[in-house]
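Engineer: Here are the chains, one letter per residue:
There are 2 protein chains.
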Amino acid sequence: MAKPSGEVEVPNKQVILKHHVVDGIPQESDMELRLTTITLKAPSGSASILLKNLYLSCDPYMRLRMRHIQGSYADSFVPGEVLYGYGVSRVVDSDHPDYKIGDLVWGITKWEEYSLIKPPWQLFKIEDTDVPLSYYTGILGMPGMTAYVGFHGICSPKEGDKVFVSAASGAVGQLVGQFAKLLGCYVVGSAGSNDKVELLKTKFGFDDAFNYKGEESIDAALKRYFPEGIDIYFENVGGKTLDAVLANMKVHGRIAACGMISQYNLREPEGVHNLMLLIAKRIRFEGFIVFDHYDKYPEFLKKVLGPIKEGKIIYLEDIAEGLESAPAALVGLFYGRNVGKQLVRLSTD
Amino acid sequence: MAKPSGEVEVPNKQVILKHHVVDGIPQESDMELRLTTITLKAPSGSASILLKNLYLSCDPYMRLRMRHIQGSYADSFVPGEVLYGYGVSRVVDSDHPDYKIGDLVWGITKWEEYSLIKPPWQLFKIEDTDVPLSYYTGILGMPGMTAYVGFHGICSPKEGDKVFVSAASGAVGQLVGQFAKLLGCYVVGSAGSNDKVELLKTKFGFDDAFNYKGEESIDAALKRYFPEGIDIYFENVGGKTLDAVLANMKVHGRIAACGMISQYNLREPEGVHNLMLLIAKRIRFEGFIVFDHYDKYPEFLKKVLGPIKEGKIIYLEDIAEGLESAPAALVGLFYGRNVGKQLVRLSTD
Ligand SMILES: NC(=O)c1ccc[n+]([C@@H]2O[C@H](COP(=O)([O-])OP(=O)(O)OC[C@H]3O[C@@H](n4cnc5c(N)ncnc54)[C@H](OP(=O)(O)O)[C@@H]3O)[C@@H](O)[C@H]2O)c1
Ligand SMILES: NC(=O)c1ccc[n+]([C@@H]2O[C@H](COP(=O)([O-])OP(=O)(O)OC[C@H]3O[C@@H](n4cnc5c(N)ncnc54)[C@H](OP(=O)(O)O)[C@@H]3O)[C@@H](O)[C@H]2O)c1
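Chains A and B are the protein sequences, given in the same order.
Here the first sequence stands for residues 1 to 349, where the numbers follow UniProt numbering.
Here the second sequence stands for residues 1 to 349, where the numbers follow UniProt numbering.
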């Protein structure tokens, strides 16, 4: 169909989910690249905006969307359709009064080069651009807010608290550790390789760290690093790690249930056995989801932009190049291949 | 040995733990009656008091004391020694300035007719005696406080909340349900017999109740009574019930972890599988122990004494007669033999 003048049709690569993935780590072959076209126009009267996607974020929760999971906040991805998730994008056309061409946004977009997004959307305007734009997929975006509201909002932390963080070198974990250190806590993290452990100790300022894959018993490791017990556990992993942590919590401890990535690829989640200790130790175990707390985003930005620019909070990214590499980057999260926040760069302009 | 005049030696029956009980429901034969004697005198300079025990309380947590349980707030009972627990007693001699002969107290005493108790003790003076004295083992004692601080303090209840209580006809559960009704909640309880279910509906004013032993699936039962989900779960039972409840909680629900009686007799606790739902549903799951909250006892008494006397809060007791019946009464908790608060009457004078 001929386009009215001024409307440009361009190629648009997409990442498609081929089928639901019930159990097991998803494979690249569960997704496929599809070449389509798109008209770079937000149709008049549609109130939509047309985005050029610059960065896409690979997030563990996307695994849950690859299947039907009962009672989850997340809908399933639809087989045959393009994946969606967080990203950083530039507005290339707008039929909505709140957005104009050239605006930068972060929020939910689709895994493709250009996306036509209709309201209601979950988008935040990017005002501060003297930090890397990619940071809005991480420290200045959803994972940053997750660390902030999860740690400060759920964990009731105070100076001197003993804090344990699992998946500690990742998008969320590296920040939780730094927030805890800024408050004067003792912080130990676990991660899945010796290199990550080194990073935690040397780059992110954790007091200590261990490679959980090299430990015969997580319980024994925790006893080594927390001989008097754990006040705060920032839970990213679940399963056996959670059981070991429960056995090592202090009385009146707090557990922020952020994620349980070790369970995402199982058909049935493992059983956790030590829950009676919640009573004996009067533990508060509280789940949260970042999007309930986005009203605190401006407050968060104000708190972290300065320290980031001064180098007092640092952030490590793992950037894959091009949409073609996105499926592998997403899958890599479940093998721990990412070192720092995993994202995909589609374009720099 | 001849006693100084005025010191009377009397027979004193005791209940002794014969050996630790690792798993399985404890048997009467794990305990034995021992006949000793005691001098009815608080030795001068000992700062102790001599109690005549009138009522003894049978409480599920005593099962945990029958073995070594790691990380528990409770020490184990010592094989060969007398059991201890909550009771109502009269001071028959005192070498302590705070207590005088004739004072009535409730708190930790021993499973025997007379007990010499040394400080530090956990005793509360009974001032109000125009209610049944036995109530101080239940509604006016530890279980009453448990229901009060657990429900009002941990569950953040509000009018209209949908509340589920397990072990609902017991010492704690019958009160949680009544407190919830007084606040205008919708309350459903589960219990282990049809008679208990009838009691819940007719005597305690629960909106509904079911016999969990007659249900093929607790999940299905919960879906029947809570088609829109549960705001508050008062957890007395643990295990499979907890898993089913998690699947039926509403977003932002609260679970007060009070007890997990279905796990107390197992060598290893069962696994709980649905903990990822804590995140998806942003649930707060919080353990508590009543003795952290005893500072609120005066406030509690002020709130409940009136309604009890006016019959607006009722309390059902299951009273066994004589110390000889105490082991069977304790064991009976784990078969659900008690209908209401299980206690043992030793004496009425
Ligand atoms: N509640 C919320 O709103 C919210 C928001 C964002 C994220 N989250 C959750 O937060 C957690 C961390 O997310 P993130 O974005 O920061 O991811 P990430 O840590 O950057 O990447 C995932 C990491 O998890 C570790 N991992 C993978 N499989 C594992 C297993 N079986 N056992 C233990 N560790 C495993 C790997 O690191 P190792 O090499 O160390 O194994 C991997 O690098 C996830 O559970 C996620 O779902 C929750
Ligand atoms: N956190 C604290 O400070 C605190 C203080 C007091 C009590 N608690 C806990 O609160 C709970 C209730 O105590 P309570 O004094 O009110 O006891 P209770 O309910 O008066 O007596 C125990 C009842 O539990 C039920 N039960 C026994 N085995 C069970 C099983 N395997 N599965 C399901 N139900 C079972 C039985 O009733 P059915 O016939 O209905 O099965 C039995 O009558 C216990 O878990 C206790 O440990 C905690």
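Everything labelled a hint here was simulated from the structure, so no lab data went into it.
It should be emphasised that the depicted structure is a prediction, and the values quoted were computed from it without experimental measurement.
Take these hints with a grain of salt, some might be off.
[As the list claims (entries may be wrong)] Heads up, simulated DSSO-like pairs for lysine-lysine below, C-alpha to C-alpha not over 30 Å straight-line: (1) A/K118 / A/K100; (2) B/K309 / B/K201; (3) B/K302 / B/K181; (4) A/K125 / A/K100; (5) A/K250 / A/K203; (6) B/K181 / A/K296; (7) A/K296 / A/K100; (8) A/K296 / A/K309; (9) B/K118 / B/K41; (10) B/K41 / A/K250; (11) A/K52 / A/K309; (12) B/K181 / B/K118; (13) B/K240 / A/K240; (14) B/K296 / A/K158; (15) B/K18 / B/K41; (16) B/K250 / A/K240; (17) A/K201 / A/K309; (18) B/K52 / B/K203; (19) B/K100 / B/K52; (20) A/K158 / A/K41; (21) B/K296 / A/K250; (22) B/K223 / B/K250; (23) A/K296 / B/K158; (24) A/K250 / B/K250.
[Claimed, not checked] These stretches of chain B come out as covered by chain A in the derived footprint (C-beta under 8 Å, 3 or more residues): (25) 49-55; (26) 271-280; (27) 283-297.
Note that CB positions come from ideal geometry on N, CA and C, so glycine has one too.
Engineer: Now tell me if each hint is right for this structure.
Structural biologist: Hint check:
Proximity of A/K118 to A/K100 is assessed by CA-CA distance (about 15 Å); at most 30 Å being required, the pair is judged to hold. A distance of roughly 21 Å separates the Cα atoms of B/K309 and B/K201; the hinted pair therefore holds under the 30 Å criterion. Distance hint between B/K302 and B/K181 is fulfilled; the C-alpha atoms sit about 19 Å from each other, no more than 30 Å. Between the alpha carbons of A/K125 and A/K100 the distance comes to roughly 11 Å, so the proposed pair stays at or under 30 Å and holds.
Note on A/K250 and A/K203: the hinted pairing holds, with a Cα-Cα distance of about 28 Å set against a maximum of 30 Å. Under the criterion of a C-alpha separation no larger than 30 Å, the hint pairing B/K181 with A/K296 is inconsistent with the structure, at around 36 Å. A distance of roughly 25 Å separates the Cα atoms of A/K296 and A/K100; the hinted pair therefore holds under the 30 Å criterion. Our distance criterion of 30 Å between C-alpha atoms is met by A/K296 and A/K309, whose separation comes to about 20 Å.
For the hint linking B/K118 to B/K41, the alpha-carbon distance of about 13 Å falls within 30 Å, and the restraint holds. For the hint pairing B/K41 with A/K250, the CA-to-CA distance comes to about 41 Å; that exceeds 30 Å, so the pair is violated. The hinted pair formed by A/K52 and A/K309 meets the criterion: a straight-line CA distance of about 27 Å does not exceed 30 Å. Among the hinted pairs, B/K181 with B/K118 is inconsistent with the structure: their alpha-carbon atoms are about 41 Å apart, more than 30 Å.
A threshold of 30 Å between alpha carbons decides the hint, and for B/K240 with A/K240 the separation of about 19 Å falls inside it, so the pair holds. With a C-alpha separation of about 26 Å, the suggested pairing of B/K296 with A/K158 holds against the 30 Å cut-off. Annotation: proposed proximity of B/K18 to B/K41 holds, straight-line Cα distance about 28 Å (limit 30 Å). For the proposed pair B/K250 and A/K240, the alpha carbon gap of about 26 Å is at most 30 Å, so the pair holds.
The suggested pairing of A/K201 with A/K309 holds, with an alpha-carbon distance near 21 Å, which does not exceed 30 Å. Under the criterion of a C-alpha separation no larger than 30 Å, the hint pairing B/K52 with B/K203 is inconsistent with the structure, at around 33 Å. Under the criterion of a C-alpha separation no larger than 30 Å, the hint pairing B/K100 with B/K52 is consistent with the structure, at around 13 Å. Between A/K158 and A/K41, the direct Cα distance comes to roughly 51 Å. Violation of the 30 Å bound is thereby established for this hinted pair.
With a C-alpha separation of about 24 Å, the suggested pair B/K296 and A/K250 falls inside the 30 Å cut-off, and the hint holds. Between B/K223 and B/K250, the direct Cα distance comes to roughly 12 Å. Compliance with the 30 Å bound is thereby established for this hinted pair. This hinted pair checks out: A/K296 and B/K158 have alpha carbons roughly 26 Å apart, not beyond 30 Å. Taking the CA atoms of A/K250 and B/K250, the gap is about 29 Å. The hint holds against a cut of 30 Å.
Evaluation of the coverage hint for the segment 49-55 of chain B: breached, as 0 residues show C-beta separations to chain A shorter than 8 Å, against a requirement of three. Proximity of the segment 271-280 of chain B to chain A, defined as three or more residues with a beta carbon under 8 Å from a beta carbon of that chain, is established by the 10 residues found. Coverage of the segment 283-297 of chain B by chain A holds [criterion: at least 3 residues with CB-CB distance below 8 Å; count 8].
Violation of the numbered hints given earlier is confined to hints 6, 10, 12, 18, 20, 25; the remaining hints are satisfied by the structure.
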